[in-house]
Each structure stands twice: as structure tokens, then as C-alpha cells.
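Fit chain B to the known structure of chain A by using the hints.
Protein chains in written order, with full-length UniProt numbering: chain A, 1 to 295; chain B, 1 to 308.
Worth flagging that the hints you see were computed from the coordinates, not collected in a lab.
C-beta: ideal position from N, C-alpha, C; glycine also.
Where hints are given, some of them may not hold.
[Unchecked claim] Below, in silico cross-link-like pairs of lysine-lysine (DSS-like), each with a Cα-Cα straight-line distance of 27 Å or less:
no.	chain 1	residue 1	chain 2	residue 2
1	A	Lys17	B	Lys125
2	A	Lys17	B	Lys110
3	B	Lys125	A	Lys171
4	B	Lys176	B	Lys74
5	B	Lys26	A	Lys171
6	A	Lys171	B	Lys138
[Claimed, not checked] Some, not all, of what chain A presents toward chain B, calculated at C-beta under 7 Å:
no.	residue
7	Arg21
8	Asn102
9	Val103
10	Thr106
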Amino acid sequence: MNVLKRLNNPVLFNEWKMRMRSVRSPWMLFFYLMVLGAITLFYIYVQTDGGTYYNPDNSRELFMILSILQLGMIVFVVPGLTSGSISGERERQTLSILLTTNVSATRLILGKWLASLSFMMFLVFATIPLYAIVFLYGGVSPIQVVKVFGFYVITMFAIGSVGVLLSTLIKRTGIATVVSYAVVFGYSIGTMVLVEILNQFVRYQRRAGVIGHNSNTDWIDLIYSFNPLFAILNIFEEGPATRGNRYGSSWLYKIDPYWYYCALLGLITVIFLLVAIYLIQPVRPRLFRAAKKEQ
Amino acid sequence: MIQIKNLRKRYGKMEALKGLTLEIEKGTVFGFVGPNGAGKSTTMSILATLLEPTSGQAYVGGYEVTKSPKEVRKLIGYMPDFFGVYDNLTAEEYLDFYGANYDIPQAERKEIIPQLLELVNLSHKRDAYVDSLSRGMKQRLGLARCLVHNPEVLILDEPASGLDPRARIELREILKELRNMGKTIIISSHILPELAEMCDVIGIVEEGNLVAFGRVDEIYTRMQETKVLRIRLLDRFEEAMAHLQQKVNVSQVTHEGNWLVVGFTGDDQQQVELFHDLAVSGFPVAAFNEEQGDLEEIFLEITKGVGS
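If we strip away everything but chain A, and leave its shape as in the complex, we get (with noise of 0.2 Å):
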């Protein structure tokens, strides 16, 4: 009952509400599903030569570029969509007013980043057809899909969470937008950075004999599944993240890196959004004002 309650958010109700009724939101989905599909097709046309020849081969590689494709866009639309959840309010002077109401901060933000996510939700699996016409040519697992999009909701959730703290921070969407945009490629862009620059210096210290040769550092390839690219390759057991690569023996190799980067990804999200929702609150409880008082 207590959960069922808790759903009954009127914050995302009215968002739902909102978001359907604008002239967006439409034009959204025709763009999102014409970029999609124009892309996809395209590719099924010079596969195939065209219709005239075919390569059931080939299909797994189309399931992987629909898949990244739609990674891609993913991670290119979710700031885009939640960075401008609170400041928006803000900026439209009814955020103040939300605030008087016995709406929780908790219910606020939740309400907020579900709306712009089931948004999300809708247009990736509006794009499910598509899905279908790749099927037509066979070639992949239907766990692998379920993976797939269990992949995307994951994704979502995360950078959805990083929009709407930093939506709840700045002050300005146009600001919230950037910076949520830089925070997300830097994230994507970092990780592979990091994983680079960790194996050069362990060359490094390995020639310089700091480190023996015997020692296990297949750890840091396990930073690989934490980067959305890698980690979705890794499900079309691909790239560098899988699992096939390591011969360590340790428990750690032995779970598909697919679980880390849920893991990872559920922490960044639960963390965010717990921060979110304690800085909403325009008189915030406890901690902050001791720590006040203390200075």
C-alpha cells in the first residue's frame, strides 16, 4: 500500500501530462526514430546490396551498430532532457511555490527524473520495430537483447540522476545542460583515458623492474566495464571488457562485467539523487546547520 502511495506522485503525473501535450514531443519522436531508422536501414540497404545478396553475418554486426547507435543516442538525449528538471521550474518561477506545498523534496525529485526518463523509455522502445527488422535477418539471442535493454535503463537511470543534480545545483538550464553534457563525455571519455594511462605506468614500472612480471594487473582492465561503450560491447562479447580476456583467477574475473557496470551505474544514480534531494530543500534538515553553527 505504502508503495503503491508513493507511486501516486502527482509531480509525475503532471510532467506525464505536460510532456504529451506539448508540440516537442512528437517532432522528438519522429527525429529520434528517423535518425534511428534512416542510419539502420541505410546500412541493411549496403549489406544487402541493395536486397539483392545477403550475409546472415552480417546481422550480428547490425544488432551491435542499432544497439550502439541507440547508446549514442541515449547518452546524447538524457541530459538534454533531465538538466532542465529543476532549474526549469526554477526558471519559470513555479519551483518556489512546489516547494510551499507538501510535496517532499523526495517526491519532488523522484517525480522529476522518472518524468524526463519515461520519456526516454518511450522513445527507445518506440524504436522496438526497428528491433524487429533486424531480427528478420536472425543472428542474435533474445537474452542478449533483454541485456541490451536492461543496459539502456541502467544507462538512463545514471545520467538522468547526474541531470537532475546538476539541474538542482545551477541555477541556469542552458549552464545545467552543459555542464551535465561535459560530466557525461568526460565520464565515457575518462574512463577510457584512465585505463590507458594506469597500463603505461605499469609498462613503465614493469620495465623499470619496480614490479614483477608475475604480478596481477588485469584489474585495470576491469575499469573497461565501466565505460558505456565497452560495457556494451562486452555484451556481443566484444572489445576489451570481456570477460574472455582475463586469465586471473581471482572471484572478481569471474562475474560478467556486465554486473559491474550495473552496479557502478545503480550506485551513481542512488547517490545523486540522494544528494539532489537533500539540496532541494530550502531549509535543509540537520547536518548542513550543524556544521553551520560549528563555524
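For chain B alone, kept in the frame of chain A given last:
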């Protein structure tokens, strides 16, 4: 109903409130007057649980605003000086949304909303999108929104600003109705006469301090008693001032250019006698002029020393 004790608020180096102390009884309409930047909005934001004071306490219905914001929020309806509306909602949905935010069951909301729209004369705009409403209508809708959870206290920050005279009158009528319903209302404005018409009690705040506090009816009684007489002399100003100050009905004499400004509390007959006396005493009186007392001046005069 509302108690403010030694409230201070500092923004960086700027001190917006310098120890404001105030008490508003249940059922009164309190007018908060002061120039822009005097600290009215700050005080109201603190009462509305939107701002944390640097020091001091504020209580609404016995609850301290920073300690029990949830309880305070149930008691108050707050309308900020500037507020936005959602583009894609109708007036009815707008109120329904806020009603839901106050956890009012849907069936109950369905009953309340038409009544609220009726109260603010917007029944005919029930299905109109809020962004299509005029400023006055939005303001009234905002007022209806404040009332959705039937709060005991209304905090209205400059509700009449930016409204045309007609919209102001409509707003005043609604406030009268709310006052009859027994609500405690705090309204702010930078124009005293505008508030004096609708308030029971007025407080003037300047630079973060309450400089005056008093009942409006007292001011009006005083106003009817006090006239301002302007007398133009050719010379002998000092002498004339000394002469006038000895008179019983003269409260105050000041000197402005060629004019003496005299606060006079007597009736017409006594006024005739005063002028006669001046002429007989040989003062070179060139002109007389009679004015009604200025509300603001009288207010500040009778409440002198309050709050400081």
C-alpha cells in the same frame, strides 16, 4: 498566529533583516509596507519556509518555521511576488495539480476546485489554458491556488503589483471575502494607501527594521482630526512660527520656503479664529491653503518609536 522574534537575515555583507520582531494575531489582515529591498519579501520567504534566517525565530501557529517546516506548510498559503504557471495546463488542472500536492483526495478536489474558481471569479475560465489568462486572472488563480488546502494563514507578496485598477479592485473584493472567512492574511506592498484600505494592522519596514506598527482605524480617526494648513507669508517667518506654536490646536509648525506648514486639529470655527488672529497680529499673510493630512506622515507620527 504569527510570531517573529529578532529575525536576522544576511546575504553576504548585505543585511536584509536587522532583528525584526513582530506579532500578528489570528484573523487579522496585516499590511506589510516598505520600499523595495526593505526586507518584506525576505520575511515572507522565511515564513513560507523557503529561506533560512541567519538568526532569530519565526513561528506560524506555534510551529517554528525551520524546525517544523512540514507543519508550517500545511498552515500557510504562499503567493510570491513573481510566479509562473505551467504552459500546458488548464485552470482546473492547475488547481488539481496543487491539490494533489497537498494530498487532497481526488473526489474532494473535484468538489473544492469549482468553489475556488467561483471565489476568484474564474469559473468561466475553467477549461482555459493558464498561459492564455491575463495577468490579473493569473494573480487570482494564484490566490485560488493558495487556498486549495484551506490554510489558516495567507502570505501574499505584492499581490497587486502590475495589476490595472480594475484588477486591483477585484483582488481587494476577494481579500475582503477571505477576511470574512476568518483567515489571517499578510499582504505586502510599497504603497501604504493601497494597503490601508484592506488591512486591520499595518507595519512599516525600512532597511530591515520595523519602523512603525499600528491599527489602521486609529490612523483614520487621527486623519479626520488632523488637517494641514499652509500659510504663505512675506516675511517674519520665525516670529510667526513661535506665535503659532503657542496655539492649542496646532500640533506642529514647519517652514518650507515662503510657506509655513501647520498641523491643525481644531474644527472650522477654530480655523477661522486662527487666521483672524494671524491677520490681527499684523503678520503679512499672503495666502492660506488647506490640505487633508497625509496618511503616511500621520502614520509615522502616531507610531513614532515603535519597533526601534
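Original post:
Can the restraint linking Lys125 (chain B) and Lys171 (chain A) be considered satisfied, given a maximum Cα separation of 27 Å?
Top reply: violated, 33 Å
Original post:
Taking only the CA atoms, is the gap from Lys17 (chain A) to Lys125 (chain B) under or equal to 27 Å?
Top reply: Judged against 27 Å, a Cα distance of about 20 Å means the pair holds.
Original post:
Taken at face value, is the distance from the CA of Lys110 (chain B) to the CA of Lys17 (chain A) at most 27 Å?
Top reply: Within the cut-off at roughly 18 Å; holds.
Subject >> Interface hint for Asn102 (chain A), Cβ within 7 Å of any Cβ on chain B >> reply: holds, 5 Å
**OP:** Let me know if the C-beta of Val103 (chain A) comes in closer than 7 Å to any C-beta of chain B, holds or violated.
**Re:** Nearest chain B Cβ about 5 Å off; hint holds.
**OP:** May I ask you to test the interface hint for Arg21 (chain A) with respect to chain B, counting a Cβ-Cβ separation under 7 Å as satisfied?
**Re:** holds, 4 Å
Subject >> Interface restraint verdict for Thr106 (chain A) against chain B (beta-carbon cut-off 7 Å) >> reply: Hint on Thr106 (chain A): violated, closest Cβ of chain B at ~13 Å, above 7 Å.
**OP:** Please work out if Lys26 (chain B) and Lys171 (chain A) have their alpha carbons no farther apart than 27 Å.
**Re:** Violated, at roughly 37 Å.
Subject >> Satisfaction of hint between Lys74 (chain B) and Lys176 (chain B), Cα-Cα up to 27 Å >> reply: holds, 22 Å
Subject >> Pair hint outcome, Lys171 (chain A) versus Lys138 (chain B) [Cα-Cα no greater than 27 Å] >> reply: Judged against 27 Å, a Cα distance of about 25 Å means the pair holds.
Of the numbered hints given earlier, the model fails hints 3, 5 and 10; all others are met.
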